[in-house]
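Visitor: Now for the letters of each chain:
Number of protein chains: 2
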Amino acid sequence: MADINTIATQFTDFYYSTFDTDRSGLKALYRDTSMLSFEGAAFQGASAIVEKLTSLPFQTVQHKVTTRDAQPSSTSIASLIVNVTGLLVVDGGENPMQFSQVFHLIPEGGSYYVFNDIFRLNYG
Amino acid sequence: MADINTIATQFTDFYYSTFDTDRSGLKALYRDTSMLSFEGAAFQGASAIVEKLTSLPFQTVQHKVTTRDAQPSSTSIASLIVNVTGLLVVDGGENPMQFSQVFHLIPEGGSYYVFNDIFRLNYG
Chain A
1 MADINTIATQ FTDFYYSTFD TDRSGLKALY RDTSMLSFEG AAFQGASAIV EKLTSLPFQT
61 VQHKVTTRDA QPSSTSIASL IVNVTGLLVV DGGENPMQFS QVFHLIPEGG SYYVFNDIFR
121 LNYG
Chain B
1 MADINTIATQ FTDFYYSTFD TDRSGLKALY RDTSMLSFEG AAFQGASAIV EKLTSLPFQT
61 VQHKVTTRDA QPSSTSIASL IVNVTGLLVV DGGENPMQFS QVFHLIPEGG SYYVFNDIFR
121 LNYG
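First to last, the sequence lines map onto chains A and B. If you use full-length UniProt numbering, the first sequence corresponds to residues 1 to 124, in order. If you use full-length UniProt numbering, the second sequence corresponds to residues 1 to 124, in order.
Hints were generated in silico from the structure; no laboratory data involved. Where is the CB? At the ideal position from N, CA and C, for every residue including glycine. Treat the hints loosely; a few may be bogus.
Unchecked claim - Partial list, derived from the structure: chain B residues whose beta carbon lies under 10 Å from chain A:
#1 S37
#2 D69
#3 S74
#4 T75
#5 N83
#6 Q101
#7 F119
#8 R120
#9 N122
#10 Y123
What the hints assert, rightly or not - Distance windows between CB atoms, simulated:
#11 I4/A - M97/B: 26 to 34 Å
#12 S24/A - G92/B: 47 to 55 Å
#13 T6/A - S111/B: 32 to 40 Å
#14 F19/B - T33/A: 30 to 38 Å
Could you build the full structure based on these sequences and the hints that come with them?
Guide: Okay, here's the thing in C-alpha cells:
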C-alpha cells in the first residue's frame, strides 16, 4: 500500500482540481452511504451531495491547500482520515476565505471513496 | 443511543473544559492505539499524546468552540467523527487564534475514546 501521506496528497490534489474545474465529476468519489456536512447542512448519498456541490452559487472557485494531515482510521481496514486546511478563492475575489475540510476515505477496488466529508469556512 | 450531535457536544464540552483546567486528565480519553497530529507532528499512544499536550508552552488556555459537526464513521459500529472549529486564547492574549480539530471517537463500555485526533491552527 502506498504511504498514507501520499494517498492523502493524491486524493486531495484530485478532489480539489476536479472541484475547481468540473464539480459534477466528484460524483464518482461518493457512494449511497456517503455523508456531507456543508456549513452545517447535511446531505447523504452521491446524488444529493453532488447536487449540493454543483449548485453552490459561484462561477469559479479555487482551493489552495495549506495543510493536510492523514491518519489511519481503523486497525482492520486501510481507511484513513484526512484533515485539510486552506484558502478558498471565489469568483476571483481578492479576499480568500479560510476553510477546513475532513475526509474519511474507505478503500474499494484499489481506490478510495469518501464516506464522511465535513466542510467549514473558518471566520476570524 | 444518544443522538450523535448530543454525543459530539458532550464530548467536546468535556474535552475542552478538561484541556483548559487540567490537561493531564485527558489521558483517560486515549488508548495505546490512539493517534494525535498536532500542527503536523505525530504522536501515538495515551502517554505520548498527553506528554505532548501537557508540555505545550503556555500557562493558561481557553478553547471557544464556534462550530461542531458530527457524522457516524461506520455502518457497523457506533463510532463518529467530530469536526470542531473555534478560537484559542493563550495566556489571556487579546488575539485569539483560529483552530480546527478532528476527533474520531470509538465506543467502549458505554463511553468513547479518541482514536484519531488532528489539530491545526488556521492562519489567515
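Visitor: Double-check F119/B for me: the hint is only fine if its C-beta lies closer than 10 Å to a C-beta in chain A.
Guide: holds, 9 Å
Visitor: Could you say whether the range 47 to 55 Å given as a hint is met by the Cβ separation of S24/A and G92/B?
Guide: At 49 Å between Cβs, range holds.
Visitor: Measuring from the C-beta of T75/B to each C-beta in chain A, is the shortest one below 10 Å?
Guide: T75/B check passes; min Cβ-Cβ to chain A is 6 Å, inside 10 Å.
Visitor: Just to be careful: measuring from the Cβ of D69/B to every Cβ in chain A, is the smallest value less than 10 Å?
Guide: holds, 4 Å
Visitor: Please check whether F19/B and T33/A have a Cβ separation lying inside 30 to 38 Å.
Guide: For T33/A against F19/B, whose Cβ atoms are near 33 Å apart, the range 30 to 38 Å holds.
Visitor: Under 10 Å, Cβ to Cβ, is where N122/B needs to be relative to chain A, so tell me if that hint holds or is violated.
Guide: holds, 5 Å
Visitor: Does the Cβ distance between I4/A and M97/B fall inside 26 to 34 Å?
Guide: Check passed, 27 Å falls within 26 to 34 Å.
Visitor: Restraint: N83/B near chain A, CB-CB cut 10 Å. Satisfied or not?
Guide: holds, 4 Å
Visitor: With a cut-off of 10 Å, does the beta carbon of S37/B approach a beta carbon of chain A closely enough for the hint to hold?
Guide: Check passed: Cβ of S37/B comes within 4 Å of chain A, closer than 10 Å.
Visitor: Close enough to count: is the Cβ of Y123/B nearer than 10 Å to one in chain A?
Guide: holds, 7 Å
Visitor: Go ahead and decide if the range 32 to 40 Å is satisfied by the Cβ distance of T6/A to S111/B.
Guide: At roughly 35 Å between Cβ atoms, S111/B and T6/A fall inside 32 to 40 Å, so the hint holds.
Visitor: Holds or violated: Q101/B as interface residue toward chain A, Cβ cutoff 10 Å?
Guide: holds, 8 Å
Checked against the numbered hints listed earlier, the structure breaks none of them; every hint is satisfied.
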